[in-house]
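Knowing the structure of chain A, use the given hints to seat chain B on it.
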Amino acid sequence: MARKIPHAARPIVYLLGISVAWLLLPVVFKSFARTGFYEFQAPVWLTAAGLKNVSQSLGLMAHSKEELYEAGRDLARLNSAYELKLQEIDSLRKELSRMEKILVLPPAPRFDYKIARVVRRDQSSWWQQMVIQKGRWHGIPEGAAVVYSGGVVGRVSEVHTYTSVIELVTSPNFRMAAQFDNDERPVTYQGAVNLPFTNPRGRVMNVPPDVVLTASAPRRLASSRLGGVFPDGLTIGWVNRLTTSPDGLFQSGQPRLNKELLSLREVAVLVPIKAVGDR
Amino acid sequence: MNDDKRTLLILFANGLLYFVVNQVNESLAPFSIHISVEALFLLFPFFYLNTGQGLLIVLITAMFVDATLPVPFGVHVILYFGTFAFLLKMRRVFRRENPRHVLLAALWSNFFIMLGLSFFTAGSLQNLSEFWFRFLCDLAFSQLVVLIVVGWWVNLQRKALLMWEIDVGAELQQY
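Going line by line, the protein sequences match chains A and B.
Here the first sequence is numbered in my numbering, starting from 1 and rising by one per residue.
Here the second sequence is numbered in my numbering, starting from 1 and rising by one per residue.
Note that these hints are calculated values from the structure, not bench results.
The structure displayed is predicted, hence computed values, not measured ones.
Among these hints, one or two may not hold up.
[What the hints assert, rightly or not] DSBU-like, lysine-lysine: derived pairs with alpha carbons at most 35 Å apart:
hint, chain 1, residue 1, chain 2, residue 2
1, B, 159, A, 52
2, B, 5, A, 52
3, A, 65, A, 114
4, A, 30, B, 5
5, A, 259, A, 114
6, B, 89, A, 30
[Claimed, not checked] Distance ranges between label pairs, derived from CB positions:
hint, chain 1, residue 1, chain 2, residue 2, range
7, A, 54, B, 145, 26 to 32 Å
8, A, 87, B, 129, 34 to 40 Å
9, B, 123, A, 272, 28 to 34 Å
10, A, 113, B, 147, 45 to 51 Å
11, A, 182, B, 147, 52 to 58 Å
12, B, 30, A, 25, 36 to 42 Å
13, A, 266, B, 70, 20 to 26 Å
14, A, 44, B, 128, 33 to 39 Å
15, B, 145, A, 96, 53 to 59 Å
[Unchecked claim] Residues of chain A clear of chain B, computed beta-carbon distances all greater than 12 Å:
hint, residue
16, 62
17, 64
18, 84
19, 100
20, 139
21, 141
22, 186
23, 214
Each residue gets a CB set at the ideal place from its N, CA and C atoms; glycine is no exception.
Same shape as in the complex, but just chain A (with noise of 0.2 Å):
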């Protein structure tokens, strides 16, 4: 006959029945889950960032008709400025590749800009990651940067259908490898637990130890090429001052980023070029 099991141990073995029966459910499973209650979702986000970019757009119709005006003349100077700009690219590439050609060099990557929207953000001391409202459907490769005016925002984690995730530069699981200005030497970058109320930062490590910074001359570090996912030269934070490791090998240092990064509204993906189209 069989044993009824007591009142008090039915909730641990409820409990210990269900732990065990989800660690022996398929894998199969539980992705086709994860990603049924995710597209599942999806359109609410959706919905709530279209909801809101309306808002923003009532609130723009109350300027008046000279702000208006006034803000097409600035845009109109601003455009013209980068169109000359552009002029400028245009000759300075051409040349890179006359260069590339001469001293038999491999191309350097060239990326097609995705701009998206933010529709949602979880940045928590567990986590810090956005979803944007571009994904596969759109071309977004998994691993593709993601860069603001600021400089660097983060790495596409995960692409779902009409969304996908990015790792902030701010989170604490975010490497990738950097540069200070005026010097070619790699370093590592990696995101930081950010403190209520503050500034978010990094880390930087793997200085050499010639590197001299003050607090009253601040160095900018900027991505680096090498690590294959962004390009040189874009801005990740500002440092004033390095720490020297115990062995005396390298330096660390924790660069300030922009604040802007917790808020930001709009992003750009960096497609490879080759990638493009793959849809």
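Same frame as chain A, now just chain B:
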């Protein structure tokens, strides 16, 4: 039929809470503060539903939360079930008629879930004092929010069920 209705309604309420809390966290992101009130997902199933229904709601809610986060799928399932199992074990101690008991259950569950998540996901960060400082700040804000909203939240779900002509308060709990 009533069982299906209440399951759907509580799941919908949990989804709504998850969405609202995420919007609040988006607004708090520039201050590097994150609020976590996941215990509120478990309270109503524990106090007002039978064990089978409660477990089903907890399972679906946990998978819903897990799907969007960078954790191994199932971490929230284990954490929520662990917390729910403890609450079930304490069923004779925590009485739903007593607001203090409801509050105590909520605060304890929230603390357990946040601490469990830290141990599951933090890895080498656990050795950093900054991580625990940030954790304590997030915990303090989260507990404050739980303290403020728990009574309202449980009553809201009860009222929603009453609108569907389900009086869970009057029904006897099986256990």
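Now for the hints, and whether the structure bears them out:
Pair hint residue 159/B plus residue 52/A holds up; C-alpha atoms about 30 Å apart against a cutoff of 35 Å. Simply put, residue 5/B and residue 52/A have alpha-carbon atoms about 32 Å apart, close enough for the 35 Å limit, and the pair holds. The straight-line distance between the Cα atoms of residue 65/A and residue 114/A is roughly 31 Å, inside the 35 Å bound, and the hint therefore holds. The straight-line distance between the Cα atoms of residue 30/A and residue 5/B is roughly 26 Å, inside the 35 Å bound, and the hint therefore holds.
Straight-line distance between C-alpha atoms of residue 259/A and residue 114/A comes to about 23 Å, which keeps the hinted pair within the 35 Å bound. Taken as a hint, the residue 89/B and residue 30/A pair is honoured in the structure, with Cα atoms around 29 Å apart against an allowance of 35 Å. For the hinted restraint 26 to 32 Å between residue 54/A and residue 145/B, the CB-CB distance of approximately 28 Å keeps it satisfied. Between residue 87/A and residue 129/B the beta carbons are some 53 Å apart, a value that contradicts the proposed interval 34 to 40 Å.
Judged by the Cβ atoms, the range 28 to 34 Å given for residue 123/B and residue 272/A holds: they are separated by roughly 30 Å. The hinted range of 45 to 51 Å is satisfied by residue 113/A and residue 147/B, whose Cβ atoms lie roughly 46 Å apart. One distance hint, 52 to 58 Å for the beta-carbon pair residue 182/A and residue 147/B, holds here, with the actual separation near 53 Å. For the pair residue 30/B and residue 25/A, the supplied restraint of 36 to 42 Å holds, since their beta-carbon distance comes to about 39 Å.
Between residue 266/A and residue 70/B the Cβ separation comes to about 22 Å, which falls inside the hinted range of 20 to 26 Å. Here the CB-CB span from residue 44/A to residue 128/B is close to 34 Å, well matched to the stated 33 to 39 Å. Between residue 145/B and residue 96/A the beta carbon distance is about 54 Å. The supplied range of 53 to 59 Å therefore holds. With a least CB separation of 21 Å from chain B, residue 62/A remains clear of the 12 Å interface cut-off, as annotated.
Chain B leaves residue 64/A outside its interface by the beta-carbon criterion, the shortest separation being 28 Å against a cut-off of 12 Å. Chain B leaves residue 84/A outside its interface by the beta-carbon criterion, the shortest separation being 35 Å against a cut-off of 12 Å. Distance check for residue 100/A against chain B: the nearest CB is about 39 Å away, which clears 12 Å, and the non-interface claim stands. Under the 12 Å C-beta cut-off, the non-interface status given to residue 139/A relative to chain B holds; the minimum distance is some 22 Å.
At roughly 18 Å, the least C-beta separation between residue 141/A and chain B is larger than 12 Å, which holds for a residue marked as non-interface. Every beta carbon of chain B lies more than 12 Å from that of residue 186/A, the smallest distance being close to 23 Å; the non-interface claim holds. Look at residue 214/A: its CB is around 25 Å from the nearest CB on chain B, clear of 12 Å, so calling it non-interface holds up.
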